[in-house]
Amino acid sequence: MTDLAPVRLLDADGTVTGDGRYPMPPPDVLLERYRGLVRGKRLNEQASALVRQGRLAVYPSSRGQEACEVVAAAVLRPGDWLFPTYRDTVAIVERGVAPVEVLTLLRGEWHCGYDPVHHHVAPQATPLATQLPHAVGVAHAARLRGEDTVVLALCGDGATSEGDFHEALNFAAVFTAPVVFFVQNNKYAISVPLARQSAAPTLAHKGVGYGMPAVLVDGNDAAALTAVLGEAVGRAATGGGPTLVEADTYRIEAHTNADDAARYRTDAEVREWAERDPLRRLRAYLRAENALDDAREDAFAAEAEAVAARVRAALGEDRPVPTDELFAHVHATPTPQLAAQAALLRAELAAGEDAR
Amino acid sequence: MTTEPEKLTMAQALNTALRDAMTADESVVVFGEDVGPLGGVFRVTDGLTAAFGEQRCFDTPLAESGIVGMAIGMAMNGFRPVVEMQFDAFAYPAFEQITSHLAKMANRTRGRLRLPVVVRVPYAGGIGGVEHHCDSSEAYYAHTAGLTVLAPATNQDAYGLLRAAIGSPDPVIFLEPKKHYFAAEEVDLAAAVPPIGRAAVRRSGADATLIAYGPAVPVSLAAAELAATEGRDLGVVDLRSLVPFDDATVMAEVRRTGRAVVVAEAPGFASVASEVAARVAEQCFHHLEAPVRRVTGFDIPYPPPKLEHHHLPSVERVLDAVDDLQWEDA
Ligand SMILES: Cc1ncc(C[n+]2csc(CCOP(=O)(O)OP(=O)(O)O)c2C)c(N)n1
Ligand SMILES: [Mg+2]
Numbered sequence: 001m002t003d004l005a006p007v008r009l010l011d012a013d014g015t016v017t018g019d020g021r022y023p024m025p026p027p028d029v030l031l032e033r034y035r036g037l038v039r040g041k042r043l044n045e046q047a048s049a050l051v052r053q054g055r056l057a058v059y060p061s062s063r064g065q066e067a068c069e070v071v072a073a074a075v076l077r078p079g080d081w082l083f084p085t086y087r088d089t090v091a092i093v094e095r096g097v098a099p100v101e102v103l104t105l106l107r108g109e110w111h112c113g114y115d116p117v118h119h120h121v122a123p124q125a126t127p128l129a130t131q132l133p134h135a136v137g138v139a140h141a142a143r144l145r146g147e148d149t150v151v152l153a154l155c156g157d158g159a160t161s162e163g164d165f166h167e168a169l170n171f172a173a174v175f176t177a178p179v180v181f182f183v184q185n186n187k188y189a190i191s192v193p194l195a196r197q198s199a200a201p202t203l204a205h206k207g208v209g210y211g212m213p214a215v216l217v218d219g220n221d222a223a224a225l226t227a228v229l230g231e232a233v234g235r236a237a238t239g240g241g242p243t244l245v246e247a248d249t250y251r252i253e254a255h256t257n258a259d260d261a262a263r264y265r266t267d268a269e270v271r272e273w274a275e276r277d278p279l280r281r282l283r284a285y286l287r288a289e290n291a292l293d294d295a296r297e298d299a300f301a302a303e304a305e306a307v308a309a310r311v312r313a314a315l316g317e318d319r320p321v322p323t324d325e326l327f328a329h330v331h332a333t334p335t336p337q338l339a340a341q342a343a344l345l346r347a348e349l350a351a352g353e354d355a356r
Numbered sequence: 001m002t003t004e005p006e007k008l009t010m011a012q013a014l015n016t017a018l019r020d021a022m023t024a025d026e027s028v029v030v031f032g033e034d035v036g037p038l039g040g041v042f043r044v045t046d047g048l049t050a051a052f053g054e055q056r057c058f059d060t061p062l063a064e065s066g067i068v069g070m071a072i073g074m075a076m077n078g079f080r081p082v083v084e085m086q087f088d089a090f091a092y093p094a095f096e097q098i099t100s101h102l103a104k105m106a107n108r109t110r111g112r113l114r115l116p117v118v119v120r121v122p123y124a125g126g127i128g129g130v131e132h133h134c135d136s137s138e139a140y141y142a143h144t145a146g147l148t149v150l151a152p153a154t155n156q157d158a159y160g161l162l163r164a165a166i167g168s169p170d171p172v173i174f175l176e177p178k179k180h181y182f183a184a185e186e187v188d189l190a191a192a193v194p195p196i197g198r199a200a201v202r203r204s205g206a207d208a209t210l211i212a213y214g215p216a217v218p219v220s221l222a223a224a225e226l227a228a229t230e231g232r233d234l235g236v237v238d239l240r241s242l243v244p245f246d247d248a249t250v251m252a253e254v255r256r257t258g259r260a261v262v263v264a265e266a267p268g269f270a271s272v273a274s275e276v277a278a279r280v281a282e283q284c285f286h287h288l289e290a291p292v293r294r295v296t297g298f299d300i301p302y303p304p305p306k307l308e309h310h311h312l313p314s315v316e317r318v319l320d321a322v323d324d325l326q327w328e329d330a
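Quick note, the sequences are listed as chains A and B, same order. Just so you know, we're using full-length UniProt numbering here: the first sequence kicks off at 1 and counts up by one. Just so you know, we're using full-length UniProt numbering here: the second sequence kicks off at 1 and counts up by one.
Honestly, the hints are just simulated from the structure, not real lab data. Some clues are possibly wrong.
As the list claims (entries may be wrong) - Partial selection, computed: residues in chain B whose CB lies under 7 Å from chain A:
id, residue
1, 16
2, 19
3, 20
4, 38
5, 61
6, 63
7, 65
8, 69
9, 73
10, 298
11, 304
12, 307
Claimed, not checked - Part of the chain B face toward chain A, derived, beta carbon under 7 Å:
id, residue
13, 34
14, 37
15, 59
16, 113
17, 127
18, 128
19, 130
20, 131
21, 132
22, 299
23, 303
24, 305
25, 306
26, 310
Each residue gets a CB set at the ideal place from its N, CA and C atoms; glycine is no exception.
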């Protein structure tokens with residue numbers, strides 16, 4: 001059975017802890033993770049600001065969950081695949097996709113704004129848990145093709161209630177597919193608290209019934225996440241099959257800007273989790289290890305600010321959205337009917353809005 | 001209860017219908033995702049848990065198949081469940097339960113097990129929603145024998161038809177045009193509950209008939225207004241009930257005008273609009289001055305927010321179709 005206590009290597013104040021199950025990753029690795037956390041937090045803040053300014057239709061923020069986002073991307077090797085959800089903008093960016101391309105969806109210009117094949121990042125999934133069987137399929141195909149590709153698939157605590165979650169875990173276990181299922185348990189599915197979602201002692205327990213290793217990890221501890229997810233990726237890459245990893249974390253912002261979190265949770269609860277911020281503890285540790293100095297901190301902050309500035313500039317400008325794309329991709333060859341509809345719209349646009 | 005019409009948003013009208021039905025009948029229960037303390041993402045179930053308790057209005061785990069499946073079971077054992085699918089496209093995990101069980105149970109059991117379940121589905125677009133939040137999914141349900149499919153366009157009908165749906169012995173797919181949730185209109189709560197299966201003539205016209213439902217009704221009414229200023233008298237029929245279908249009202253109007261345009265937001269191919277056009281052609285052939293036209297969404301996945309206005313039936317497109325109806329003076 002899985003351990004009820006989450007794997008933790010750093011306390012909320014950055015003190016080293018742990019029971020020896022997992023080793024502490026080296027400081028240079030953790031320094032890179034910290035750099036990612038600074039970028040991720042800044043991107044979350046910038047995107048939320050852009051919603052307030054009307055430049056993004058919506059932004060499901062991962063503020064407070066940056067350690068999960070950054071480490072999920074960082075443990076993957078070139079060639080591995082990431083299967084993200086709507087909340088995982090930061091993970092996709094950390095995987096190397098340009099923020100502006102990722103934000104295409106939330107800006108309302110197209111559905112998937114980046115090249116999933118080039119980046120090995122699946123389109124962000126909104127229908128909950130539906131991406132998980134796809135992740136198993138990509139992983140199984142990789143095995144059939146003799147590749148050592150690993151697929152890391154993200155979902156939330158609420159999504160573990162969907163049938164597709166269970167089917168995906170079972171398929172992965174039966175086919176020994178190289179998948180890491182990474183559940184960010186941020187305690188809420190919009191307004192519904194975890195207690196209404198599952199009666200299991202932990203979500204990690206769900207892996208046990210499907211016959212796969214399952215680990216509960218402190219999701220605000222980038223060091224523990226690096227150790228746990230790294231091990232799971234390694235196991236998958238060497239034929240050991242799937243792992244379920246549950247991260248114990250918290251959604252600091254509301255579900256989206258459209259949500260009123262005051263209806264279902266207290267400020268005190270949010271403040272309590274803010275104390276366990278993922279940046280704070282890693283920073284304290286790296287400072288204590290003399291791995292992080294003022295110069296580096298300034299450099300990281302400047303880098304994050306530069307990313308935010310580029311996003312601001314790009315989203316601040318309105319650009320024309322090509323209308324022909326509405327019809328171009330629906331079928332490999334547009335049906336005659338679609339071709340006619342495209343021509344109709346083109347004629348309307350050419351005639352101008354003032355036709356009548 | 002007051003008999004004076006009140007100004008209510010569609011969300012409030014639906015909320016009032018749920019309250020009144022829950023008050024009138026203890027077997028009515030409401031459940032789904034975020035419908036409890038949050039009151040639903042559109043606030044349609046606002047305050048129901050507080051008013052009726054956790055047994056009557058509650059949050060479920062996040063699983064649409066489970067929600068509809070459990071509703072079926074509860075209906076088999078004495079309850080009248082009203083369940084919420086959070087958005088149109090998020091009802092698809094429940095498709096198996098809806099099509100194989102909810103729709104067929106009565107027929108399979110020679111009527112011994114009728115399922116008085118209402119599945120509320122916020123549907124259609126025009127709200128700047130990202131993908132999977134704006135589908136017009138009515139054709140899937142209308143195509144499935146055994147389901148009643150209602151699509152109110154006014155707040156009065158939202159109230160009345162939801163009451164009728166909850167009272168129905170048959171399973172009902174109740175389609176709520178989410179674009180209109182927060183627009184206020186007068187609602188007479190004391191008005192008689194409208195019968196299921198009856199279309200409403202919203203505007204009678206002499207020259208041509210616009211046939212619409214849900215979010216296409218206001219567009220059609222606006223088109224008729226504008227046409228009137230251009231000297232053309234258009235009528236507007238609001239179907240309200242897609243299944244059962246009110247042939248009598250629709251055909252009487254079209255026979256009078258001899259010209260018809262069907263307006264709907266869903267893609268036109270193999271759609272409810274296609275069914276309407278076919279029925280009109282079959283039943284009014286000798287009265288028609290021109291082929292029946294359809295103004296629908298394109299046959300594409302629902303567009304991203306910045307392009308959706310190109311997809312949605314507009315007043316201009318409706319009037320262009322009307323212009324095409326082979327007028328003698330043209
Ligand atoms: C199949 C499906 N049903 C409902 C929704 C609506 N919805 C979007 S996010 C959400 C909550 C998801 O919670 P969780 O899985 O915990 O992820 P989180 O948002 O907390 O990251 C819901 C109900 C959806 N996107 N897909
Ligand atoms: Mg969650």
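Output the indices of the hints that this structure fails to meet, ascending. Hints 1, 2, 3, 8, 9, 16, 17 contradicted; others consistent.
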